[in-house]
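Engineer: Use these hints to put chain B onto chain A, whose structure you have.
2 protein chains.
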Amino acid sequence: MANEIIIKPIGHVTFGRKETIDDYWGDSKAVIALDAKQFSQRAIQGLDSFSHIEVIFYFHLVNDQDILTADSHPRGNPVWPKMGIFAQRKKDRPNKIGVSICTIDKIENNFIHVLGLDAVEGTPIIDIKPVMTGFVPNKTEIREPEWAKTLMCAYYKNKDEIDNE
Amino acid sequence: MANEIIIKPIGHVTFGRKETIDDYWGDSKAVIALDAKQFSQRAIQGLDSFSHIEVIFYFHLVNDQDILTADSHPRGNPVWPKMGIFAQRKKDRPNKIGVSICTIDKIENNFIHVLGLDAVEGTPIIDIKPVMTGFVPNKTEIREPEWAKTLMCAYYKNKDEIDNE
Chain A
0 MANEIIIKPI GHVTFGRKET IDDYWGDSKA VIALDAKQFS QRAIQGLDSF SHIEVIFYFH
60 LVNDQDILTA DSHPRGNPVW PKMGIFAQRK KDRPNKIGVS ICTIDKIENN FIHVLGLDAV
120 EGTPIIDIKP VMTGFVPNKT EIREPEWAKT LMCAYYKNKD EIDNE
Chain B
0 MANEIIIKPI GHVTFGRKET IDDYWGDSKA VIALDAKQFS QRAIQGLDSF SHIEVIFYFH
60 LVNDQDILTA DSHPRGNPVW PKMGIFAQRK KDRPNKIGVS ICTIDKIENN FIHVLGLDAV
120 EGTPIIDIKP VMTGFVPNKT EIREPEWAKT LMCAYYKNKD EIDNE
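Protein sequences, first through last, are from chains A and B.
First residue of the first sequence: 0, per numbering that gives the first Met the number 0; consecutive thereafter.
First residue of the second sequence: 0, per numbering that gives the first Met the number 0; consecutive thereafter.
If we strip away everything but chain A, and leave its shape as in the complex, we get (with noise of 0.2 Å):
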């Protein structure tokens, strides 16, 4: 195998949601921080012509000896079927990365203002992409099990909304 490879933050979260719990991420605001140290604003230039950027970060709080490595109930829930690491999204897996899509509201200077970004305030951040059309796959259908409809249903909703209903 290859050898470890040294990953470097590009920024941080640095206002946003305190508390990791499951859901309810709709309404969630937050702020990321490009290291200024390493990066000018050219290194941002356009972002904004992008209504939804993918981030790339480091699930920080995960203890190490709480890694998943084998197979597990999805949210512990015992209804539903156990699936290996590497096919549920839960952030105790191995390398601790977090890809997830969000909305750009507003940047100004080095600071990007999503909505939606499931990552807590101290979250390190690791690369900022584009959400491009051409990568999304809307080529074919998307297959998943039931269980993942029903774990997602409260995901990006707002905690008024589920109060509501």
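Simulated from the structure, these hints should not be mistaken for laboratory data.
Take these hints with a grain of salt, some might be off.
Heads up, the list lumps identical chains together, so a pair's fine if it works in one copy or across two of them.
Below are the EDC-like pairs computed for lysine to aspartate or glutamate, each with C-alpha atoms no more than 20 Å apart in a straight line [unchecked claim]:
no.	residue 1	residue 2
1	K90	E53
2	K28	D104
3	K36	D70
4	K17	E143
5	K105	D63
6	K81	D47
7	K28	E3
8	K17	E3
9	K89	D47
10	K36	D63
11	K7	E120
12	K81	E143
13	K148	E120
14	K7	E53
Structural biologist: Structure of chain B alone, referenced to chain A:
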């Protein structure tokens, strides 16, 4: 800023395209071998209940001195506006991380056969996540600049399709 993050590949592309070229990834077949020393098949248990996976990988062929940190023309095309490295998806980027969605063809033991993965043979794999419709941003319309549409027009086509156009 936080300290460096150490990543250990979870597997490699053991079969796939040899050359790094920009387009025609539509008909590309590749095999991802999960590192059998670190993981049993339980790590990908149930993955075949999904049609698509998101693969996080390392652009290992990029030389450190070629990494871009400011703005440049996408694909070096002067007709397109200069964009920051984080407003592009090109490989010469800080941390050299690629994120790509592809289709599962079949899974045999610890080998995941995929279609349309834009990573060459030998690429270290950092993470694999299932694609869930709940995470795909169809809630709001995706907006992107015109050059991004043009840039992607041949990316996932087959070479034959282009020749016949």
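Engineer: All hints, please: hold or fail.
Structural biologist: Hint-by-hint comparison with the structure:
{"no.": "1", "hint": "K90 x E53", "verdict": "both (17 Å within a copy, 15 Å between copies)"}
{"no.": "2", "hint": "K28 x D104", "verdict": "within (9 Å within a copy, 38 Å between copies)"}
{"no.": "3", "hint": "K36 x D70", "verdict": "between (41 Å within a copy, 16 Å between copies)"}
{"no.": "4", "hint": "K17 x E143", "verdict": "neither (31 Å within a copy, 31 Å between copies)"}
{"no.": "5", "hint": "K105 x D63", "verdict": "neither (35 Å within a copy, 31 Å between copies)"}
{"no.": "6", "hint": "K81 x D47", "verdict": "between (41 Å within a copy, 13 Å between copies)"}
{"no.": "7", "hint": "K28 x E3", "verdict": "neither (34 Å within a copy, 26 Å between copies)"}
{"no.": "8", "hint": "K17 x E3", "verdict": "neither (31 Å within a copy, 23 Å between copies)"}
{"no.": "9", "hint": "K89 x D47", "verdict": "between (30 Å within a copy, 18 Å between copies)"}
{"no.": "10", "hint": "K36 x D63", "verdict": "between (29 Å within a copy, 18 Å between copies)"}
{"no.": "11", "hint": "K7 x E120", "verdict": "within (18 Å within a copy, 25 Å between copies)"}
{"no.": "12", "hint": "K81 x E143", "verdict": "within (15 Å within a copy, 38 Å between copies)"}
{"no.": "13", "hint": "K148 x E120", "verdict": "neither (27 Å within a copy, 33 Å between copies)"}
{"no.": "14", "hint": "K7 x E53", "verdict": "within (18 Å within a copy, 22 Å between copies)"}
When each numbered hint is compared with the structure, violations occur for hints 4, 5, 7, 8, 13.
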